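We have chain P already, so just place chain U on it with the hints.
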Amino acid sequence: MSESLAITKFSDLANPTRFLALAARILPWMASITAILFAIGLYLSFTTEGDYQQGQTVRIMYIHVPAAWLSMMCYTVMAASAIGTLVWRHPLADVSHKAAASLGAAFTLIALATGSLWGKPMWGTWWVWDARLTSVFVLFLMYLGLIALNRAMDDPSRAARVSAVLILVGFVNIPIIKFSVDWWNTLHQPASVVRLDGPTIDPEFLRPLLIMAIAFTLLFFTLHVMAMRNEIWRRRIAAQRRMAARMAGREA
Amino acid sequence: MMTHTFYISVSYAVTALITLCLIGWVWLDGRARQRELAELEASGIRRRSAQPKGDLAKSDAS
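The listed protein sequences correspond, in order, to chains P and U. Letter 252 of the first sequence, counting from 1, is numbered 251 in numbering that gives the first Met the number 0, and no numbers are missing. Letter 62 of the second sequence, counting from 1, is numbered 61 in numbering that gives the first Met the number 0, and no numbers are missing.
Isolated chain P, as found in the complex:
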């Protein structure tokens, strides 16, 4: 009974008109909570202690780690949407992975740029072609490729099917990024937060890191809902223009 209710609720949301109504209701809340969390996170980022080895550069981690985490989470959201496109042929799933691609590219760019800016003073180099850095760079190129592919095709549902296949093929890169630091000998340090034996970093650094991670994640979902709403509107405009042209043709 409760399961069928959950399914009904989910399919209600899957209707683009209902999605637009829900988006209008929740977006102001999501944006406000994101702004509050960023204010707290940024305050903690600049008021907590520096690390005994990294010194003040530990503050770069409070933006680098959430951006890197989002670069992978965004791709996972896109892969889940790609399944929605291929299995259920749902137009909202098409809209979801198309809207997420630019966001993923932006967060991956932040992760690459801030990582590089941390690497120079700490490692003595801006960049090394180690497994973690190279696999994240490949992820960035995949985002750009998916954006280009979506823009190159006129028919949105065909573009969605082709990019859904590509997204799922490219998903193999996500475990490679995650475990690259364990599988290969990399300059990039291994995981210190998401570990089976719990985080190994001091609560002094963990607090700002977690709040910034939640703030960035909420920012992603706020922008994702907004970008999905924009894409639905774009498709409606295109459909209405087509209908108007057809009617004008008939009248002529």
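Quick caveat, the hints were computed from the structure, so don't treat them as lab data. Please read these numbers as outputs of a predicted model, since none were measured by experiment. Errors might be hidden in some of the hints.
To be verified - To give a feel for the contact side, a few chain U residues facing chain P, derived at Cβ under 7 angstroms:
{"#": "1", "residue": "H3"}
{"#": "2", "residue": "I7"}
{"#": "3", "residue": "S10"}
{"#": "4", "residue": "V13"}
{"#": "5", "residue": "V25"}
{"#": "6", "residue": "G29"}
By construction, the Cβ of each residue, glycine as well, lies at the ideal position given by its N, Cα and C atoms.
Okay, now just chain U, sitting in the frame of chain P:
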């Protein structure tokens, strides 16, 4: 030799710039689409589901 403060401030500046560009782009895109929808509505082009009953019957008949 650049100080650590330089690397930290550039990191935060780059992040702020990319994030603000992203927010601005999504926001402006939404505004432009809303305007376009309003223009279509003003010129009498509506979604079939949003059309008055009489109009729908007329467009079905033609």
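Review point. Can you name, in rising order, the numbers of the hints this structure does not satisfy?
Key: none
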